[in-house]
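Enquirer: Heads up: the sequence lines are chains A and B, in that order.
Residue numbering for the first sequence follows the UniProt record's numbering, starting at 1 and increasing by one per position.
Residue numbering for the second sequence follows the UniProt record's numbering, starting at 1 and increasing by one per position.
Hints in this document: simulated from the structure, not taken from any laboratory.
One thing to keep in mind: the hints can contain errors.
A pair holds if it fits inside one copy or across any two, identical chains being indistinguishable in the list.
What the hints assert, rightly or not - Calculated pairs, BS3-like style, for lysine-lysine (alpha carbon to alpha carbon, straight line, at most 27 Å):
no.: 1; residue 1: 274; residue 2: 284
no.: 2; residue 1: 274; residue 2: 313
no.: 3; residue 1: 366; residue 2: 284
no.: 4; residue 1: 246; residue 2: 515
no.: 5; residue 1: 513; residue 2: 245
no.: 6; residue 1: 313; residue 2: 381
no.: 7; residue 1: 284; residue 2: 43
no.: 8; residue 1: 43; residue 2: 372
no.: 9; residue 1: 313; residue 2: 284
no.: 10; residue 1: 43; residue 2: 293
no.: 11; residue 1: 513; residue 2: 274
Just so it is clear, the structure is predicted and the values come from calculations on it, not from any experiment.
Number of protein chains: 2
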Amino acid sequence: MNGKKGSSIRIDIGLPSSAVPRETARKSGSGEGDEAITIPLRKWMMEVWQFAREDTNRVTFSLKVGLACLLVSLLILLRAPYQVFGANIIWSILTVAIMFEYTVGATFNRGFNRALGSLLAGVFAVVVIQVAMSSGHVAEPYVIGLSIFLVGSITSFMKLWPSLVPYEYGFRVILFTYCLIIVSGYRMGNPIRTAMDRLYSIAIGAIVAVLVNVLIFPIWAGEQLHRELVGHFDSVADSLEECVKKYLSDDGSDHPEFSKTVMDDFQDEPAFRKCRSTLNSSAKLDSLANSAKWEPPHGRFMQMFYPWAEYVKVGAVLRHCAYEVMALHGCLHSEIQAPYNLRYTFRTEILDATNQAAELLRSLAKDLSNMKHSLHTSLLKRVHASTERLQRSIDLHSYLLTLSHDVCDCSTKPPAKLSHVSSLNGTDADGKKAEAETYHETMKKQQRRLHSWPSREVDDFEEDMSGESIPRMRALESTAALSLATFTSLLIEFVARLDHLVEAADELAKLAKFKQEIAC
Amino acid sequence: MNGKKGSSIRIDIGLPSSAVPRETARKSGSGEGDEAITIPLRKWMMEVWQFAREDTNRVTFSLKVGLACLLVSLLILLRAPYQVFGANIIWSILTVAIMFEYTVGATFNRGFNRALGSLLAGVFAVVVIQVAMSSGHVAEPYVIGLSIFLVGSITSFMKLWPSLVPYEYGFRVILFTYCLIIVSGYRMGNPIRTAMDRLYSIAIGAIVAVLVNVLIFPIWAGEQLHRELVGHFDSVADSLEECVKKYLSDDGSDHPEFSKTVMDDFQDEPAFRKCRSTLNSSAKLDSLANSAKWEPPHGRFMQMFYPWAEYVKVGAVLRHCAYEVMALHGCLHSEIQAPYNLRYTFRTEILDATNQAAELLRSLAKDLSNMKHSLHTSLLKRVHASTERLQRSIDLHSYLLTLSHDVCDCSTKPPAKLSHVSSLNGTDADGKKAEAETYHETMKKQQRRLHSWPSREVDDFEEDMSGESIPRMRALESTAALSLATFTSLLIEFVARLDHLVEAADELAKLAKFKQEIAC
Chain A
1 MNGKKGSSIR IDIGLPSSAV PRETARKSGS GEGDEAITIP LRKWMMEVWQ
51 FAREDTNRVT FSLKVGLACL LVSLLILLRA PYQVFGANII WSILTVAIMF
101 EYTVGATFNR GFNRALGSLL AGVFAVVVIQ VAMSSGHVAE PYVIGLSIFL
151 VGSITSFMKL WPSLVPYEYG FRVILFTYCL IIVSGYRMGN PIRTAMDRLY
201 SIAIGAIVAV LVNVLIFPIW AGEQLHRELV GHFDSVADSL EECVKKYLSD
251 DGSDHPEFSK TVMDDFQDEP AFRKCRSTLN SSAKLDSLAN SAKWEPPHGR
301 FMQMFYPWAE YVKVGAVLRH CAYEVMALHG CLHSEIQAPY NLRYTFRTEI
351 LDATNQAAEL LRSLAKDLSN MKHSLHTSLL KRVHASTERL QRSIDLHSYL
401 LTLSHDVCDC STKPPAKLSH VSSLNGTDAD GKKAEAETYH ETMKKQQRRL
451 HSWPSREVDD FEEDMSGESI PRMRALESTA ALSLATFTSL LIEFVARLDH
501 LVEAADELAK LAKFKQEIAC
Chain B
1 MNGKKGSSIR IDIGLPSSAV PRETARKSGS GEGDEAITIP LRKWMMEVWQ
51 FAREDTNRVT FSLKVGLACL LVSLLILLRA PYQVFGANII WSILTVAIMF
101 EYTVGATFNR GFNRALGSLL AGVFAVVVIQ VAMSSGHVAE PYVIGLSIFL
151 VGSITSFMKL WPSLVPYEYG FRVILFTYCL IIVSGYRMGN PIRTAMDRLY
201 SIAIGAIVAV LVNVLIFPIW AGEQLHRELV GHFDSVADSL EECVKKYLSD
251 DGSDHPEFSK TVMDDFQDEP AFRKCRSTLN SSAKLDSLAN SAKWEPPHGR
301 FMQMFYPWAE YVKVGAVLRH CAYEVMALHG CLHSEIQAPY NLRYTFRTEI
351 LDATNQAAEL LRSLAKDLSN MKHSLHTSLL KRVHASTERL QRSIDLHSYL
401 LTLSHDVCDC STKPPAKLSH VSSLNGTDAD GKKAEAETYH ETMKKQQRRL
451 HSWPSREVDD FEEDMSGESI PRMRALESTA ALSLATFTSL LIEFVARLDH
501 LVEAADELAK LAKFKQEIAC
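If we strip away everything but chain A, and leave its shape as in the complex, we get:
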């Protein structure tokens, strides 16, 4: 561990402080390493401080573990309790160290696993020892050996069974408690006494762990789940806005290669990274909801049988919205791109729809966060109205998407609603023609880039299709223009899914009895 930490610090030095080596070099002989050590140490302390400040629960949790261990140790360190409980009390330390979990629910859950596991193992061990003892002195070790083998095999097989996987820890407890009781009972005699001693020292450890966990600054899994879900709403809204903003501002000139971007992990898109973590959140939400079920009513969640499972459902619907954001993001990093000015044409409508959708998401997040239930009718209306406008705009300008056909003389088509397009080009009357020209120019400029797809085996294709290169170019142009249609379709689909999200959020609000609020 120490080695690991040291090496990570050393990497940290190299990056930001290029001026440091020179300064230390000047000092040369005396205290050469001192400065070099002090600076990373201070940096490291700052990092730890930041980490602790980010979520003070981390510090609370650490101190609580220390306290629980100390309390259990007192049972041995002080003379009076030691004389009462004896050396077996050592098992309560083990129990605290293994059972103490981050949240109250998880601790209860683990405690339940440990208690039930120990109990089952204890009962089974006592039964087997009685059988073994009555089977005679010679057969006894064989019976015990066989039973250990069977318990080991059966518990290991059962913990692989999909529906029993969450109780994996319980099976481990059964296995080692059984072995410990039966083996030490065999050697030390009086197995029932051994079992009882061990069970009550485990119980003491469990009680200490639970009391410290619940009574001193409890960290509730329910609260964590609640916050987690609110955070996911926000991160989907953020990444939607980020993605669309990037799509509209991107002029396509400085696109890094896709595979490089994948490996770099999209460093310049923090919101997207957060959104991707939303996609991988199902396991975390499940486990938090699972823990929250074990918790008694507390804080803001005073209702009995609070619908924690509903949080998981809302999370699932939100994830389905996030998949659309992933697809939008795929469009953004696609190798075939609509030319910049075509994207600019629909800029207002796309931005409007995006902002409305993000606002709806944030409003849902805020309501959830405040445990209020308001009707989102007006916001939904506005989102849908802005999507309608986007659809209609795409519809009216759809000839732009198929413009590259010289076969079709479409100039009879009137430029129905091109206010911002014409203002872009600076012409008034023949706006569409100018647009078409700019479009073709851009395509020519992007020619190199378009030809980078397919990025491999291009030469082979060139040979194969040298005769057809012009229609091929045209097909690429058309596909490039249609990529805008793809982007907007995905955006519209995202909005369509918001309906279901609102529905799921309403259902949650109803079941969790959030405060009703009249919509403005």
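With the hints as your guide, set chain B onto chain A.
Expert: Chain B only, in chain A's frame:
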């Protein structure tokens, strides 16, 4: 646990065998429950048998755990070793039960955690005890208590640090080993002796666990990782085909509601469900690769420093392909759908591109599975050629996508390549017109369905926009037609990403020194 199993069986009865109750009812009095118990018992046995047969490693693992426990127990059950090792040997049972993991690599990893944790805790405990003893009789318990508190807090804080999370188990081991040694040392005297006794009994347990795990039918994490990745290639290929097939065969009439489909978890799309598990596989691949790093060269992977990390990278690129499949799937379940005959128009090209892409994926999977490295030039060429055909076809027929404009009299446009469209409609000369008619008819038929979007607040909209209902309808029609463009764009983007997948697979093949094979 028993209760749990029982209830799951009871649910199983209800579903398939509706004839059973009548039969048992006839028997009434005598042995009423017998039949009812026998049948679910047999069913349950069959399920367990199936589960075991699916992956015989599960049985192997279970028997190995049983064996390891038995071997360690022998040290106590037999008189001779017990007289040598004494009661401390009980710790080796605990070690086996806690350390024995499914794969060799994971066991090594856990063993390393346990060994290093125990060692650090032991050393630290001995140092603290020396300090405490030299600080005088009064201060001793305070020093020990403080040290326990500090160790508990610091290890708990450290295991929350993101880069140290994988070593969580190691920190737990440090904590409880430290407490056990220092506390029992305080009460029983001679802490160094206690520490040493405990360390060697832990070492014995660890050695038994490792030997049984490695020597008897070892389950290698590397092998699992290899197979897992191959499986993911296949599942992406399967779900791509399934999705496209469904998209082309779906006439849009019997669409279940989206939210219902989300909740049903897409029961009728097994391949999609598999693909979705591919998306959530990053954690599993990471942990398998992490375990595999601990394994010595073995079986097919005899190379030193086998590039297991490269598997994770290929998995990441494959996941980026799978995101496109998710988007395609989103299109399939989108509420705004291209009319059936429009989808039918591009049927041949879409199917061709899909089949070629799936074939490429399967070929990659096969090569990976056989650890061969062949150039996929010809397959890539064919995939790209088929995508080109699709692009060109979309390009030539793109007027179909924007057909609903009555303002533009596009009938001057010649039906450039409409062989299968006209054969579909049974007309020869005026194929495009006929197509346009059918298109409008279908739109009319789908009118009700299109209006189901937005599914909420529709009435409010109706009031707001009663004057504009015709342009709105048109916008929806246009968006519906463009949804086909979306689908094909996503398909093309999927193919574009295959390039990067082939690159990543080539890189893996190079680093892992797969057998070179000349492409056919």
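Enquirer: Against each hint, give a clear statement of whether it holds in the structure.
Expert: Here is what the structure says about each hint:
Both within a single protomer and between protomers do residue 274 and residue 284 lie at most 27 Å apart by alpha-carbon distance, with minima of 14 Å and 20 Å respectively. Taking identical chains as interchangeable, the C-alpha atoms of residue 274 and residue 313 lie at most 27 Å apart whether they share a chain (20 Å) or sit on different chains (20 Å). For the homomeric pair residue 366 and residue 284, the shortest alpha-carbon distance inside one copy (21 Å) is at most 27 Å, but the shortest distance between copies (34 Å) is not. With identical chains, the CA atoms of residue 246 and residue 515 are never at most 27 Å apart, being 38 Å at best within one copy and 44 Å at best between copies.
In the homo-oligomer, the alpha carbons of residue 513 and residue 245 never lie at most 27 Å apart, since the shortest distance is 37 Å inside one protomer and 44 Å across protomers. When the C-alpha separation of residue 313 and residue 381 is checked against a cutoff of 27 Å, the pair qualifies only within one copy, where the shortest distance is 24 Å, while the shortest distance between copies is 44 Å. Taking the shortest Cα distances, residue 284 and residue 43 never come within 27 Å of each other, neither inside one copy (31 Å) nor across copies (34 Å). For the homomeric pair residue 43 and residue 372, neither the shortest alpha-carbon distance inside one copy (43 Å) nor that between copies (48 Å) is at most 27 Å.
Within a single copy, residue 313 and residue 284 get their C-alpha atoms as close as 13 Å, and across copies as close as 23 Å, so both meet the 27 Å cut-off. Proximity of residue 43 to residue 293 under the C-alpha cut-off of 27 Å is found in neither arrangement, the shortest distances being 41 Å within a copy and 31 Å between copies. For a Cα distance limit of 27 Å, the shortest separation of residue 513 from residue 274 qualifies neither inside one copy, at 30 Å, nor across copies, at 36 Å.
Hint violations for this structure: numbers 4, 5, 7, 8, 10 and 11, all remaining hints satisfied.
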